[in-house]
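Heads up: the protein sequence lines correspond to chains A, B, C and D, in order.
At position 129 of the first sequence the residue is numbered 129 (our numbering), and the sequence of numbers has no breaks.
At position 218 of the second sequence the residue is numbered 660 (our numbering), and the sequence of numbers has no breaks.
At position 75 of the third sequence the residue is numbered 947 (our numbering), and the sequence of numbers has no breaks.
At position 284 of the fourth sequence the residue is numbered 1431 (our numbering), and the sequence of numbers has no breaks.
Some hints could be false.
Unchecked claim - Label pairs and their calculated CB-CB ranges: (1) A:S382 x C:A1084: 36 to 44 angstroms; (2) C:A1084 x B:M865: 52 to 60 angstroms; (3) A:S382 x B:T601: 35 to 43 angstroms; (4) D:A1300 x A:E406: 37 to 45 angstroms; (5) A:N267 x D:D1151: 50 to 58 angstroms; (6) D:A1495 x A:S382: 54 to 62 angstroms; (7) D:E1457 x B:D499: 16 to 24 angstroms; (8) B:N852 x A:L324: 29 to 37 angstroms.
Source of the hints: derived by calculation from the structure; they are not laboratory data.
No residue lacks a Cβ here, since even glycine has one placed at the ideal position from N, Cα and C.
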Amino acid sequence: MKLYVGIDLGSTTTKAVVMQDGNVILGKGITNSRSNYDTACAIAKSEAFIDTRFTLFHQALEAMPGLSLDLETFLQDLEASFRLQQFLNQLEYLAEVSIGEAQSARYRKVSAPLAERLNAIFSSIAGQAPEMFGVGSIKRSEFFRDLAGNTYMRLASELAEPDAVPYDLLVNIYDKSIIKVENKLLDLTFESNIAKALKRVFAANRALSKADQQTVQRCADEVTATELDVVNSVGTGYGRARLPFPKEQIRSEILCHGLGAHYMYANTATVLDIGGQDTKAIQVDRDGIVTSFQMNDRCAAGCGRDLGYIADELNLGVQELGPLAMQSNRSVRINSTCTVFAGAELRERLNNGERREDILQGLHRAIILRAMSLLARSGGVSDEFTFTGGVANNEAAVNALKGLIEENYGRRTINISPNSIFTGAVGAALFAQKTDAPAAVH
Amino acid sequence: MTQAPATDAVQKERSMILQKEMIADHYKQLEHVAETGRKVVYTFVPGNLNELIRCFDNLLPVHPEINALQNGMRKRTGKFILDAEKQGHSEDVCTYVKADIGMLRAGNIGPAGTKLPNPDLLLLSYTGCFTFMKWFELLREEYKAPVAMLHTPYQGDGTISDHMRNYMVKQLREEVIPKLEQISGQKFDIDKLREMLARSREAENDLVAVLESAKHRPSPIDAYFGGVYYIGPIFSAFRGTAGAVEYYRALREEVEARVAAGKGPITPDGELKEEKYRLVVEGPPNWTSFREFWKMFYDEGAVVVASSYSKVGGLYDQGFRHDPEHPLETLADYCFGCYTNLNLPSRVALLSKYVQEFHADAFLINSIKSCNSFSAGQLLILREVEERTGIAGGFIESDLVDPRYFSGANIKNRLESYFQMIMQKSKGAA
Amino acid sequence: MTIAAGIDVGTSAVKVAIFQTGPGTETRLAGRVDRLLRRNPLAVAEESFLAALGSAGLDKEQVDYIATTGEGDLVEWRRGHFYTMTTHARGAKYLVPEATAALDVGALHARAIHMDERAKVLQYRMTSQCASGSGQFLENIARYLGVTLEDVGTLSLDSQQSEKISSICAVLAETDVINFVSRGIAPGNILRGIHESMAGRYVRLLKAANAAGTVAITGGLSKDVGLVGALNRAAEEQKMTLTTVAHPEAIMAGAYGAALWGAFRHDALQEKRSA
Amino acid sequence: MVLDELVDYCQRLYEDLDFRSVQAWKAAQPGRKAIGYMPIYVPREIIHATGMLPVGLMGGDMEIIRGDAYYQSYICHIPRSTIELGVSGRLDMLDGVIFPSICDVIRNLSGMWKLMFKDKYSKYLDLPQNFMPNVGGDFYVDELRSMAGDLQALSGVEVTNARLLESIRLYNRNRALVNALYDLRAAEPWRVPTVELYLLLRAGNVLPVEEHTELLQTYRALLDTAQRPQLDNSRIVLTGAFCEQPPLGLIRTIERAGCYIVEDDFVLGSRWIQGPVAETGDALANLVSAYLERSVANASVYIADKPKGESLVKACRHRCGEGVIFCAASFCDPALLDQPMLAHAVEAAGIPYTEFKYSENTGQFQVIKEQTGTFSDSLKLWGTT
Ligand SMILES: Nc1ncnc2c1ncn2[C@@H]1O[C@H](COP(=O)(O)OP(=O)(O)O)[C@@H](O)[C@H]1O
Ligand SMILES: Nc1ncnc2c1ncn2[C@@H]1O[C@H](COP(=O)(O)OP(=O)(O)O)[C@@H](O)[C@H]1O
Ligand code: SF4
Ligand code: SF4
Ligand code: SF4
């Protein structure tokens, strides 16, 4: 199977998209960006291939006559089980590293109670994991770092004792270990983990007929064995210069976002991308070719990272901010122009008795206001308008944006794809198809 | 702008050598004013009255802006600016001023490495920019030198009216000339001024021919990065001198030869082989990383065919010539016509005209943090020019001489994206 | 004898001090620091104050003057409020009598204060609405690197090389740091680089405030030996003759200063009344 | 009316960025016209003489959505809010705008206005920097005459000498009242909080001069009924805020941080001419010679014969100021380039000073509060040297 890969190495997240001839997206993968770019890319790509194989698996099962199981439910369960498996693999490694860390000389005095606490924490996390990955459960994040971290911190604060094993110490161990875990390429592939995942689903679902089980297993083996042949890859994004690609295989993220948005919505004229550290306003023509753009510079205020800071400040996940803000109908004006100061302002306002929801709504509005000014600078908002990047997942931001666009530019069709965060990677994959460079990815 | 490219790899043309000598000689004269008893007049580039100064033969002009930019190219300004800020100058204001004040505090050693003489007169003709006025107020405090003020009214309506011109001529007669006479101890001789003006006109003709040559494909010159060298003599201490006439004649011949040979412009890395993009650029360049900045263009095959910066000291290509028949009026008209004294609609019209006449496929603004005179309104200029020419414009930001505001990686990122966009567009259209 | 309390409500911690002063004497009766960690600062201020009273064995009524500083102007039961630079100058002078300047480096702001021998503020400069080079930033990076605040200083001081941060933005600089880690650069070198970039800023602040001579470093980051080292190097590089002194109690400078000015003010008001 | 109501009324006018009072004034009589002008000095008398309403435009603290599209981050704020007002239709009731020569930004804005609002009258009014009557004076007469001609054509009302003299008389009266309030504030600052005085001045931007004069009189009378305690504050002269105006919160912050402002350069255009303009003879010539001879010292005009800062030191002495606060808009070249010279003069006179910048939409006053507070602390604890 001949495939094209687009990789978007963003400041916060790294995205990969696998595309088949004829512009069909087969798989998408995402992971948090981290200190090792190669690892981040490799993981995003591996995730995209997992997704690809799931797609193929889905197709294969669909083509099977005589299956009696409910395919959608089954696949959902399977995917959840697969994710759980991945999580457990990583958790196991994290536990190993942490406990190793705890044995280092500097913790000698507390090593015994420390190891005890760590063991307790990790077995507790492992115990909670199946529930975290249950179908329909709300996760704070998709990334291991946050998922494990959140639970870890909560347990740490419960188990810490100021005089024996202080909280700060436990936090420090986690901070140290997670870097190591993140920068190690664990084998989390479809090929290696699908068997365990299937086993768990089969075990949980006793109603499954033997025949179905066999068919499923056969398809899984087939998909596992399928050769995925990458013809060409193109990289883009904030960190693109550091991608292990030759120059011809690198495209500016502005062009990629433009093309990606055009692919998703063919009538797109204006694109707004709000990522972690940059915001871009892009105008494209009928072919998805960029005609003008503006982006922020040298200052990260008003970008997705603002939300990250605030989420940390409130001890919430970024996903939770939007829904909270939506509970407010009154937005507080946020004055800070600095990401870091916004945290301080939030604290101050909370102390002054303002409601968290109102402050959050004000903060979302502030971010969108900045974007509005970039949009204006790039040439305004034409029909149709497509909102991309991670912040497009945030309903409060979307809501503020819709209001301001309507007020200032009138009615516009506003497109937001659930895959908006992949727009840059989609554009890159399209470029990979357009150019005929050989597959020179290492 | 008055310094020739000094890369060994590039063969020195005659014009480059002439310019170099002219400048070296000027600094030498400045170095020796104590012995020769000559008097020094500080003045600015846009709207400078070089012929008027030079008709008093014991007066020598000094241009603080040129010192600042030359110091910028020599990477001395970063420290000067910090020093000035330490003295209470704001981070927000024009860095030319701060670079000048910083140099003064460091002993007034000029870019040539020799001490610059203090001014005997500050000739404040502040065409197209209010900061010039503040600048000499500041220098007046520093040097306690007298100031001759020439207020050039702005072309707010896009035209020059008689009452504007009369005002200028009166100021020349009643304020500027008397002060020049007083400082020099010589009587003003209008015939001498006429002679100077006639020579100016000759050089101006040749300069225009050089600038116009960029209409050829490939363009034999880069009208921005190369342009800043070409305008050096005529915008500064040499307009009206025989040296300038000779320089521009030589330059014109060289450029015409390049046209005949179908050659592209010379860059610090040798001759440009392939002209991929033809640009019109608005705004001054950055001086502290001038080479690095230029390289970002020629590496991509981008040639600037016309620029507004090469018109800050006079819009000769639009027909203005110094006129010996009306010496004072012509000086007034010259001042009115400098690029930043044009109102925004005229600037938009001029830039659009450049895009069309020079067959440009790209229009780029380098917005300078320091310079409100240029920068305030550029985003509208961008949009208007885009609309009128149908070309997608590009926008980058930097500063003249403050290295803190030149972010190479950032500008490169933007330029790359911009060129990719132009390329994609021309391919898409094909 | 006058008993005065100083309460410094900061962005990340509350500091309280109680002093007894008389002609020519200054005796400290109590002092404490409480980190805020998402608690209401006004509530913490009250708790800490009561705790300090307890450890000094005093009653609230025995305190002649309660002075606040920092964000403390919101404390309703105070008598007077002095602004941060006023109190840090006084506190610095108390801790380091030979100091001619103070450099307060807190969680969000840095302040360079040039003072005379009476601790009168002559000139000052402080950082603005941009958090580049703040304590908060350093804290974030330390967490990212998995280094505790206590270790930040020594790690940086012990490393031989420094990695220069190119971005002025505290947020974008995080990405720089990630880049460094990806290139395998040791945390010590990265911290040293950050310290140097912070120190460069602070030295410029000091310069702009015309400060020279002995500089008392106050505020939370005075504990950070890496920063102090970088400050000394930066001063040397810029040919400033500076001697930095980081007193172990420097984090208390604001509270000390508030208490001491409070006592001074109390006496002045008494005098006025009796006159 | 009681004092609070009057102040409230002014604050509503100040906050009303839709200029409803101007709209109402126009609606009251068909055919009425209004002319906007940018800050600092425009001879409003001429606009008034044509029966049109001069409306002072001073940006404002608002969400900027499209205004930023026209300006880079390193340009001051007032032109973007002015454009925001324009593109959002909030200046549609104006029949023209005058851009006096203040600085490069306003100068360029005049051209932007021509490009963006093509069918509205706009004028760049060049003020002479040469103060010789036969040179700069003649030029200025011509400038004013040409402006008066334009306004005449626009309004259909001829600017006769008599009309203009009458307008001069009204504005003289208005200026005198403003000056009297400034004097009172300097003498007893606790009686005239600067926030109030400022709001009152701002009301003069949008109200007809007759109405504004009445308002000033009422305010003055009400002051006598108000009981206001004197605080232990220091006396401050504030300078640099002549074009883009600080937000109200900033003025309040300064006062709350322990300062009485006893002199300032807010809304400077309304106090540009010091003393009355002659009320007889050739009206235009009177305006011109008032400009040449009695303009207030300001960064946007060239000062030929006096040392820089002399008038600031004088004002400080005259008002018994204990210190100077340099308070200018960020990126305001004229103010910021002047500052070192002024600071130098102030320092030489032994007057302490401090400085900070703002923009009209500054919303966080933390740092400013701290700086001002420290400054007033030190004035209070140690007094003037
Ligand atoms: N599910 C989500 N809900 C809300 N916000 C999200 C979500 N996912 C990502 N974000 C926001 O998007 C930002 C990252 O966007 P992204 O486009 O991945 O940036 P980059 O390309 O710079 O890495 C985060 O800072 C976060 O604020
Ligand atoms: N032990 C320590 N070592 C290094 N830095 C510290 C230490 N304790 C606190 N800090 C730093 O000091 C900051 C708090 O300083 P402080 O002066 O109390 O600030 P504020 O007055 O704004 O609360 C914290 O952000 C932290 O970075
Ligand atoms: S503002 Fe611009 S034109 Fe004026 S002096 Fe500075 S650089 Fe030159
Ligand atoms: S204001 Fe904040 S977000 Fe902006 S550059 Fe400064 S630290 Fe970064
Ligand atoms: S604030 Fe200053 S720079 Fe801005 S328009 Fe006004 S005078 Fe000009």
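Violated hints, by number in ascending order, as checked against the structure: Of the numbered hints, 1 and 7 do not hold.
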